[in-house]
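Protein chains: 2
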Amino acid sequence: VLDTLCDPGDIVLCTAPTYLVILGTMANLRVRAISVRTDDEGIVPSDLTATLQRLAAANELSRVKAIYLVTYFDNPRGVTLATQRRQQVLDVACKWSRQSKIRVIEDIAYRELRYDGEDVPSLLSLDKEADRVILAGTFSKSFSPGIRVGWGVLPAELIGPVLDQKGNIDFGSPNFNQHAMYQVLASDRYDAHIERLRHAYRAKRDAMLTAADQELAPLDGVHWEIPGGGLYIWVELPEHVDTGPQGQLFNVALEEGVLYVPGEFFFPSEGEPRQTNCLRLSFGVQTPAGIAAGMRGLGRAIQACS
Amino acid sequence: VLDTLCDPGDIVLCTAPTYLVILGTMANLRVRAISVRTDDEGIVPSDLTATLQRLAAANELSRVKAIYLVTYFDNPRGVTLATQRRQQVLDVACKWSRQSKIRVIEDIAYRELRYDGEDVPSLLSLDKEADRVILAGTFSKSFSPGIRVGWGVLPAELIGPVLDQKGNIDFGSPNFNQHAMYQVLASDRYDAHIERLRHAYRAKRDAMLTAADQELAPLDGVHWEIPGGGLYIWVELPEHVDTGPQGQLFNVALEEGVLYVPGEFFFPSEGEPRQTNCLRLSFGVQTPAGIAAGMRGLGRAIQACS
Chain A
1141 VLDTLCDPGD IVLCTAPTYL VILGTMANLR VRAISVRTDD EGIVPSDLTA TLQRLAAANE
1201 LSRVKAIYLV TYFDNPRGVT LATQRRQQVL DVACKWSRQS KIRVIEDIAY RELRYDGEDV
1261 PSLLSLDKEA DRVILAGTFS KSFSPGIRVG WGVLPAELIG PVLDQKGNID FGSPNFNQHA
1321 MYQVLASDRY DAHIERLRHA YRAKRDAMLT AADQELAPLD GVHWEIPGGG LYIWVELPEH
1381 VDTGPQGQLF NVALEEGVLY VPGEFFFPSE GEPRQTNCLR LSFGVQTPAG IAAGMRGLGR
1441 AIQACS
Chain E
1141 VLDTLCDPGD IVLCTAPTYL VILGTMANLR VRAISVRTDD EGIVPSDLTA TLQRLAAANE
1201 LSRVKAIYLV TYFDNPRGVT LATQRRQQVL DVACKWSRQS KIRVIEDIAY RELRYDGEDV
1261 PSLLSLDKEA DRVILAGTFS KSFSPGIRVG WGVLPAELIG PVLDQKGNID FGSPNFNQHA
1321 MYQVLASDRY DAHIERLRHA YRAKRDAMLT AADQELAPLD GVHWEIPGGG LYIWVELPEH
1381 VDTGPQGQLF NVALEEGVLY VPGEFFFPSE GEPRQTNCLR LSFGVQTPAG IAAGMRGLGR
1441 AIQACS
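Protein chains in written order, with the numbering used here: chain A, 1141 to 1446; chain E, 1141 to 1446.
Where hints are given, some of them may not hold.
[Unchecked claim] The calculated lysine-lysine pairs, modelled on DSS-like cross-linking and capped at a C-alpha distance of 30 Å, are:
(1) A:Lys1205 with A:Lys1306
(2) A:Lys1268 with A:Lys1344
(3) E:Lys1205 with A:Lys1306
(4) E:Lys1306 with A:Lys1205
(5) E:Lys1344 with E:Lys1306
(6) A:Lys1306 with E:Lys1235
(7) A:Lys1235 with A:Lys1205
(8) A:Lys1268 with A:Lys1241
(9) E:Lys1241 with E:Lys1306
Treat the hints as calculated values from the structure; they're not laboratory data.
Computed from a prediction, not measured in an experiment: that's the story for all the values here.
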C-alpha cells in the first residue's frame, strides 16, 4: 500500500511510538515517517492538526500521503485509539487533503486479541464515502503467526494499483495457506480458536502484570501501561536509564535471559523526541511461569542499572 | 535481490524473451531491463559482450548490476543454457565488472522438471570464488505451486543486505509452509513426489507436442521448440500474425476456449526487437485430453487469423 501511495520523499504521519517494522518499510521506500504526539488514547488529533499546519507552512503538505495507525492495542504500547478520536482523525485527514488525498491506513492486526471490554467501531466503518481508509487485516496475529495470510479493504480506485504492486513484489500469495484459512472459516472453527487464544493470551498478560506489580512496582520511576489486548507491555524507566542496544541494561537483561525490544526503535527520526528510557515486553510466546521468571530477571537488571 | 543490487536507473541484462514477471519487478524498481540475443542454447555470450561494449561506449557500464538468467527450461521458451556457454557467461560478467561487480542471478525454478537427458552443472557450481552468482530456487514449481517457499544461495557479503530487504518487504516468510517443507524433506518424500510430477508433466508435454504435430504442423509458417523440461512451449507464427492482446488471434483463441500468453509480454522495451508473432503455451494445469482439445481450438484460431 505504501509503495503504491508514496514516491520517495513523500511523508507518512504516525503515532509516537509506532510499529517498528513499518518504519523499515518506509525507510526502504525513502518515505519520511513523522511521528505525532500520542497519549494513552492514541494519536492526539490537535497535534495531528498542528503537524499538518507546520508542514503546510513549510510547503510540504502535498507530500503527505497517509496517516498510519494501529487502531487497536497497538504495537508497542497496547494503546487503542479512543472512539471519540476516530471521527476526528478522519476529519483532519479530510480537511488537509488537497489534490492528492491524505489516506488513513488502519492496521487492525490486534483487533481480535481483546481481553477487556467491548469492541469499538473501526475507522473504516466511519468512512462513509469509502474513499479515505485503507484497512489492513491479518490472520497471523489472531489465528496463527505462521500462516501469513492477510486481507485488506481499499477504496475502489486503489484495488487495481495495489494488487499490481503486490504481484510485482510477492509474485502471488501462498495459495495453500489461503485454502487452509478458507477451510477454517467455512467450517466455523475460526471463532472458537480465537476464543481459545484470547483465553491463553489473557492469562499471559495477567501473569506479566502480576509479575510487574511484584518485581517492577518497588523500583523508583518505573511505570507501565495495562493493555486491554494485544501482545505487548510498554515499560518506562527513569530518564537516565538507557534501554538502547548499546546501553548497560540491554546486556545485563540478556545475561538474565531477558530479551526486550529497545523503545527507541519505535520512533522515526522526525517528529516527537525518541524515548531512550522505554522498552517493549511481549507476552505472546512465553508460558506464565516463564513470564514470571523473566520479570524477576528484568527487575534485577533494572535495579543493577538504575 | 534486485532491490538490494539496484538503484533506479541501473541496468539488468536478460535473455530475449525472458520471464515476464521479473520485468514487472524491474519496472517497479525503475531498473532498465535490456535483452540480449538468445538462441536455442540460451543467451549468446558474444552478444552479451557486444551489449556490454555498447554500454561501456555510452558510459553506462557502471549501471550494469546483474545478468538475470533462467538457466534450465526457461520461461517462456523452455531453453536451457548450454553447458559450454555457462563458463563463458561468467567470464564475460567478470571481465566487464569494474568497481561494482556484475552479478549473475541464476533462477533455477524449473531445474527439477527435466523430462529428457541428464542434469547439467549450475552456474553457481562454476563460480569458484562464490562471489558472482546468486542462485534462486523455489519449491513452488517443483513440489507444489501453492507452497510459496523458496531458497537462495548468495555471496556471503549479500546475505545480510538481502535478508534485511526481504524483511522490509514481506515481514517474514510463512513459517507454517517452511515447516511443512522441512517435514517433506526430512521424511525423504521429496524425491518420490518430484518423480511423480515429472512423470505427469512429461505426459502432458508429450500430449501437447503430439497435438502440435497434428494441429499446427499443417499450418504455414508455424514453428515451435521441443522443451526438454519445464512447463511451456513457445510457438512462432507467421510474422504478419499479431498475437498481442489487442490482436485478432487473442480473441478468436479465447472464443475457442484457449488462453495463451502473448509473446510480446516477455520482451523488455530495450534490447532485442519485441516479437509480436509468438505465444507461450503452458501444459502445467490441463489434462492431456484438455490439452488436445485446446490445441485443436488453437489450430482453428490460427487458421482463421492467417
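Hints, verified against the model:
Between A:Lys1205 and A:Lys1306 the CA atoms are separated by roughly 19 Å; this keeps the pair inside 30 Å, and the hint holds. Between A:Lys1268 and A:Lys1344 the CA atoms are separated by roughly 38 Å; this puts the pair beyond 30 Å, and the hint is violated. Under the criterion of a C-alpha separation no larger than 30 Å, the hint pairing E:Lys1205 with A:Lys1306 is consistent with the structure, at around 24 Å. Using a Cα cut-off of 30 Å, the hinted pair E:Lys1306 and A:Lys1205 holds, with the two alpha carbons roughly 24 Å apart.
A threshold of 30 Å between alpha carbons decides the hint, and for E:Lys1344 with E:Lys1306 the separation of about 36 Å lies outside it, so the pair is violated. Distance check on the hinted pair: A:Lys1306 and E:Lys1235 sit about 36 Å apart at the alpha-carbon level, beyond 30 Å; violated. With a C-alpha separation of about 13 Å, the suggested pairing of A:Lys1235 with A:Lys1205 holds against the 30 Å cut-off. Pair hint A:Lys1268 plus A:Lys1241 holds up; C-alpha atoms about 15 Å apart against a cutoff of 30 Å.
Simply put, E:Lys1241 and E:Lys1306 have alpha-carbon atoms about 21 Å apart, close enough for the 30 Å limit, and the pair holds.
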